[in-house]
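Sequences listed follow chains A and B, in order. Under the numbering used here, the first residue of the first sequence is numbered 102, with each subsequent residue one higher. Under the numbering used here, the first residue of the second sequence is numbered 102, with each subsequent residue one higher.
If you're looking for bench data, these hints aren't it; they were derived computationally from the structure. Keep in mind that a hint or two might mislead.
[Said to hold, decoys possible] Reference excerpt, derived from the structure (chain B facing chain A, CB under 7 angstroms, subset only):
hint: 1; residue: 241
hint: 2; residue: 243
hint: 3; residue: 271
hint: 4; residue: 297
hint: 5; residue: 304
hint: 6; residue: 336
hint: 7; residue: 346
hint: 8; residue: 378
hint: 9; residue: 380
hint: 10; residue: 385
hint: 11; residue: 388
hint: 12; residue: 390
The beta-carbon is built from N, C-alpha and C at its ideal position, and this holds for glycine as well.
The chain contents come next:
There are 2 protein chains.
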Amino acid sequence: MTNTIILSDASLRDGNHAVRHQLTAQQIASYARAADEAGIDIVEVGHGNGLGASSCLLGKATSTDTEMLAAARANLRRSKLSVHFIPGFAKTTDIERALEVGVDVFRIASHCTEANITRQYIEHAKQAGKTAYGVLMMSHMADAAELLRQAKLMQSYGADAIVLMDSAGFSTPGDVAEKVGRLVEHLSVAVGYHAHNNLGLAVANSIVAVQCGATMLDACVRGFGAGAGNTQLEALVAVLERYGYATRTDFARTAVLAKVTESFLPVRTPHIPIANITTGVYGLFSGFVPHIERLATELKIDAFELCARLAARKLVAGQEDTIVEEAHRLAAEMNVTRVAA
Amino acid sequence: MTNTIILSDASLRDGNHAVRHQLTAQQIASYARAADEAGIDIVEVGHGNGLGASSCLLGKATSTDTEMLAAARANLRRSKLSVHFIPGFAKTTDIERALEVGVDVFRIASHCTEANITRQYIEHAKQAGKTAYGVLMMSHMADAAELLRQAKLMQSYGADAIVLMDSAGFSTPGDVAEKVGRLVEHLSVAVGYHAHNNLGLAVANSIVAVQCGATMLDACVRGFGAGAGNTQLEALVAVLERYGYATRTDFARTAVLAKVTESFLPVRTPHIPIANITTGVYGLFSGFVPHIERLATELKIDAFELCARLAARKLVAGQEDTIVEEAHRLAAEMNVTRVAA
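Using the sequences and the hints given, assemble the complete structure.
Structure representation (structure tokens):
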């Protein structure tokens, strides 16, 4: 429980799948700025399938790789900028261009049994003085022993960390424990995990990965991501906090970050609304949400603060009238503050 | 792994929260018929807060309790009909009326520290020859020892099972393991679990409950339910299948059941679309979904069958052209069958 967990936010890369790779440079700029402010460690940017992947087969992106990366770069101060790189779609020249734009982290990915194709790209990024991760995609298609063999290859090429991707959202917590545990035990570099939520297990699988020694997690705000979406960042951070794991951000800041995407994230993307995560965080009855949302809007009060107060009073279902009472009290206090100011 | 897990579907009761208690008798009838056909064990029906709860404070229901129950009753053959009953909102006369309509299972609920108020209602249901469950709501607000004390009270009143509700979606898998495990160890009756998805942990918590000896799970289609929704039934069944637990239904049948709610379930209810659960079940790259959906519509082919074939070919990202090829092959085979028929 002592490690700080590194959060790699894939909203601007895996999330691009959710909008058929139509994220604009302006959307990327505004999100990158907000992610930097929220304390996200790494911001991953690009076409859903990574550098060089814009094509008729996989989907044409609105912006070029360089446009997307430059838009993010200009807005990141502390957060690192990363790219997803699949040999075949991407070539050495793509690394060169990414270096020019100022990419910090190269995530060199292969199908989980083909790590050998990543060698020259990992070495290239390392020789340029950058961070390189080896990423094993579709990790459910290989057993723990095979994944370890592949991960060791990437480690031998100089990868600073190995990330297991559950690209299909197929894995159960038991699968994750076995595979991540094996890598953590036998590798000398850090291990990361990238979940998808197809079976509703993304948050649980990510937590199990950390419990088994992973120190990096991928996530996307509002579950923004391919298919059922990735691990939802806000829920993940709330649960990491509950378990006592440190991150450079916190739930409230990820909630602010999620708000930035409201204008460009399709409503149908599966995600748990912030209001509902908030009641989960505070342990308030789920049926309170419509009441809290209505009162927060009507009285212009902070829904978080209202939830905190309702939780302090240990409110339970059937005491909905107390929500109204507490909301009005909060509004009155705020008015006093406003007048005094 | 030998028990058959009893599934209690709360879509028509907890799900009523998601539409502010506006489910109509007709919607209830159509869903109940589909649930019965899908092999759901128990169908729970009524106002979100249970019998007698329709009020200005909690929300006025469109239909009376009797109208809702009668609509379900007329369409259930093998599935049992159940009600949620919170003393205070509901009274003895509500049990009488429910008995007249033909309710099979009375879920008598109290706040997790107030089991003693359930006594007369559990006894009443039992004396009428019906099944009675004791339900402890907001179970995160009491520790395992206290929950066991309360559960034992309900057991002593004659409850056939005890259900722990995580009404706020606050609990982690560790919490669930401790609390459910304690009950299973010390009670002589069955234990059930009712999760909410506020922290994205509903499916994982439900599985942990079963691993710790629970034999009944509550769930709702499309996560339909209060706040962030309950455990999503379709995802839960897919994961139960993966773990080898038997139920009276299966993933494909729950997918058909979920379709029934498309016309009356609000789009913003957080849920994982069936197409995305399906790729998770088959272990296909999440980014395939838009391609699969488009081809299934264009060629009038079955998306499940297409997924099964793509999985058999162990397709990975970048092979999107093969989806097109396999879809056309499937369409051609179907045309041959149609001509021959």
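Hints, one by one, checked against the model:
no., hint, result
1, 241, "5 angstroms, holds"
2, 243, "11 angstroms, violated"
3, 271, "4 angstroms, holds"
4, 297, "5 angstroms, holds"
5, 304, "4 angstroms, holds"
6, 336, "4 angstroms, holds"
7, 346, "12 angstroms, violated"
8, 378, "6 angstroms, holds"
9, 380, "6 angstroms, holds"
10, 385, "5 angstroms, holds"
11, 388, "4 angstroms, holds"
12, 390, "5 angstroms, holds"
When held up to the earlier numbered hints, the structure conflicts with 2 and 7 and fits the remainder.
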